[in-house]
Amino acid sequence: MPQFLPTATDTHAWGVALAGSLAPHSVIALCGTLGAGKTHVSQGIVAGLGSAASVTSPTFTLVHEYLDGRLPVYHFDFYRMDSTAEVLNIGWDDYLDEPGVIVVEWADRFPDLLPPNTRWFQITLPETGGRSIEEVPPL
Amino acid sequence: MPDCILALESSCDETAAAICTLDGTLLASSISSQADIHRRYGGVVPEVASRNHILHVRPLVEEVLAQAKITLDDCAAFAATSGPGLVSSLLIGTSMAKSLAVTTGRPYLAVNHMEGHLLSPFIGANGPVRPCIALIVSGGHTMLVKVRAVGDYQLLGRTRDDAAGEAFDKIAKMIGLPYPGGPEIDKSARTGNPKAFDFPRSFLDGRSLEFSFSGLKTAVLYELPKLDLTQPQIIADLSASVQEAIVEVLVEKLLLAAQVHQEKLITVSGGVSCNAHLRSRLQKGASKAGLELLLAEPALCTDNAGMIAFTAAQRFRQGHTSPIETDVDPNLSIISS
Chain G
1 MPQFLPTATD THAWGVALAG SLAPHSVIAL CGTLGAGKTH VSQGIVAGLG SAASVTSPTF
61 TLVHEYLDGR LPVYHFDFYR MDSTAEVLNI GWDDYLDEPG VIVVEWADRF PDLLPPNTRW
121 FQITLPETGG RSIEEVPPL
Chain X
1 MPDCILALES SCDETAAAIC TLDGTLLASS ISSQADIHRR YGGVVPEVAS RNHILHVRPL
61 VEEVLAQAKI TLDDCAAFAA TSGPGLVSSL LIGTSMAKSL AVTTGRPYLA VNHMEGHLLS
121 PFIGANGPVR PCIALIVSGG HTMLVKVRAV GDYQLLGRTR DDAAGEAFDK IAKMIGLPYP
181 GGPEIDKSAR TGNPKAFDFP RSFLDGRSLE FSFSGLKTAV LYELPKLDLT QPQIIADLSA
241 SVQEAIVEVL VEKLLLAAQV HQEKLITVSG GVSCNAHLRS RLQKGASKAG LELLLAEPAL
301 CTDNAGMIAF TAAQRFRQGH TSPIETDVDP NLSIISS
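If you read the protein sequences in the order shown, they are chains G and X.
Residues in the first sequence are numbered from 1 upward in steps of one, following our numbering.
Residues in the second sequence are numbered from 1 upward in steps of one, following our numbering.
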């Protein structure tokens, strides 16, 4: 059942709420077009886990680590990645072994790399404005 | 008497090596993907495919030694970027620099990548480093920093979501321009009307020195279904309007920071500082406000080791070295502790 999020503040709050259900080795896959709000959701998740850090987009920097919350968060972005080998090159397997939470934007670029326990979310932009987010079956 | 510093940079996509003298004169600088450098002048990197730092690092060291016509014996210290960046990438450069330091018995210096960008406008004829307000603007970062002296920095503001270079790049993709998008928007905007679309300027509140560019991306996304993107003029107008929205915020906030902190010198570095419209607006804005402006040279805007060698030389002259056990830090901060 998709949930409607009228504003960026609602998107952030949705991420904060999701954070409450996360445990070590949780993996969150975020999918949606450019500008859909994936980074806003990620900001909510990091804040919801108690980190005071300022969360920015990891598109160019590829991974950001937030270690000051209830669980460490490793925030990935596959947007600029061209092959699974590249993702493995930046230590993807090592991060999966860490007892933290992994959040991946553009996870649908390389669904094979995501472990079976991954929760997948699709964000869409209704024509009338706002955002819609829905948990979807694994890709 | 050894009077050079050899530095390595491997914080993200690029592997790079450089040599400078202890007084900061660059003797050699090379990047693993040098052949591509012109195509990528906008600070955006098209592929991560060549992230084979480990294959590049040793040939690069040999190449810069040959370029500078020196040997390892002439190096007073070895430096490498120790953060911020990707742990797996950072480890390649730092391990190599530490190995060189240990085998030659010379000191090692860990350098902050962002400090490298921060000081890069002072490389060459523009030195020595002076107090200033600095804007660092690239694909991964957008920040305003007050520089009191080498090593004495205050963060005034940074982006809360996307970096400016990332906004350029992703919006270019949305309107169908080729990758890398930053330079493409720059080019396409030349025949466009910057007032054709009134995109939001994210000034946050009037006095804030923080940035936000994700709202612009969403605004463009909502505009697109109304437009015929097969018309070159529409693309040019979109490019010009988007560029204007980004550049205006960058210039206004830099000038505001200089005014608030009563600083007469402003500097700009990072890949986006190659953008022609930004450079021209900065020059106009600085001259109107009676400020001196220093821009990093285009070759030193994107990630490079020249800025790391230069920063290491500044630090080394102040008497700094780093313990060999210094670890890499993906979240390394630029702020003096």
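Derived from the structure by calculation, the hints contain no laboratory data.
Glycine residues also receive a C-beta, built at the ideal position from the N, C-alpha and C atoms.
Watch out, some of these pointers could steer you wrong.
[Unchecked claim] If you want the ones that stay clear, here's a sample from chain X, every Cβ over 10 Å from chain G, calculated:
#1 12
#2 67
#3 69
#4 85
#5 158
#6 165
#7 174
#8 225
[Said to hold, decoys possible] In silico EDC-like links for lysine to aspartate or glutamate, alpha-carbon gap of 20 Å or less:
#9 X:146 - X:73
#10 X:146 - X:252
#11 X:226 - G:108
#12 X:173 - G:108
#13 X:264 - X:152
#14 X:173 - G:135
[What the hints assert, rightly or not] One-sided excerpt, in silico: chain X residues whose CB lies under 10 Å from chain G:
#15 126
#16 140
#17 156
#18 233
#19 236
#20 277
#21 279
Using the nearest Cβ pair, does residue 279 (chain X) come within less than 10 Å of chain G?
violated (21 Å)
So, as I understand it, the hint says residue 156 (chain X) touches chain G; can you test that by seeing if any CB pair is closer than 10 Å?
violated (14 Å)
Going straight from one Cα to the other, do residue 146 (chain X) and residue 252 (chain X) come out at no more than 20 Å?
The hint holds at about 16 Å.
Hint check, residue 140 (chain X) versus chain G [nearest Cβ-Cβ separation less than 10 Å]:
holds (4 Å)
Evaluate the condition: distance from the CB of residue 165 (chain X) to the nearest CB of chain G exceeds 10 Å.
violated (7 Å)
Pairwise hint evaluation, residue 108 (chain G) against residue 226 (chain X), where the allowed Cα distance is 20 Å at most
Violated, because 28 Å separates the two Cα atoms, which is more than 20 Å.
Sort out whether residue 152 (chain X) lies within 20 Å of residue 264 (chain X), counting only the CA atoms.
Holds, because 17 Å separates the two Cα atoms, which is no more than 20 Å.
No chain G beta carbon within 10 Å of residue 69 (chain X)'s
Given that every Cβ of chain G is farther than 10 Å from that of residue 69 (chain X), nearest at about 34 Å, it holds.
Just checking, residue 158 (chain X) versus chain G, shortest CB gap more than 10 Å?
violated (7 Å)
Would the least Cβ to Cβ distance between residue 174 (chain X) and chain G come out above 10 Å?
With a cut-off of 10 Å, residue 174 (chain X) comes too close to chain G, as the shortest Cβ separation is near 5 Å.
Given the hint that residue 173 (chain X) pairs with residue 108 (chain G), does the C-alpha gap stay at or below 20 Å?
Status holds; Cα separation ~18 Å.
Hint validity - residue 236 (chain X) Cβ closer than 10 Å to any chain G Cβ
Since the shortest Cβ distance to chain G is 20 Å, the answer is violated.
When held up to the earlier numbered hints, the structure conflicts with 1, 4, 5, 6, 7, 8, 9, 11, 14, 15, 17, 18, 19, 20 and 21 and fits the remainder.
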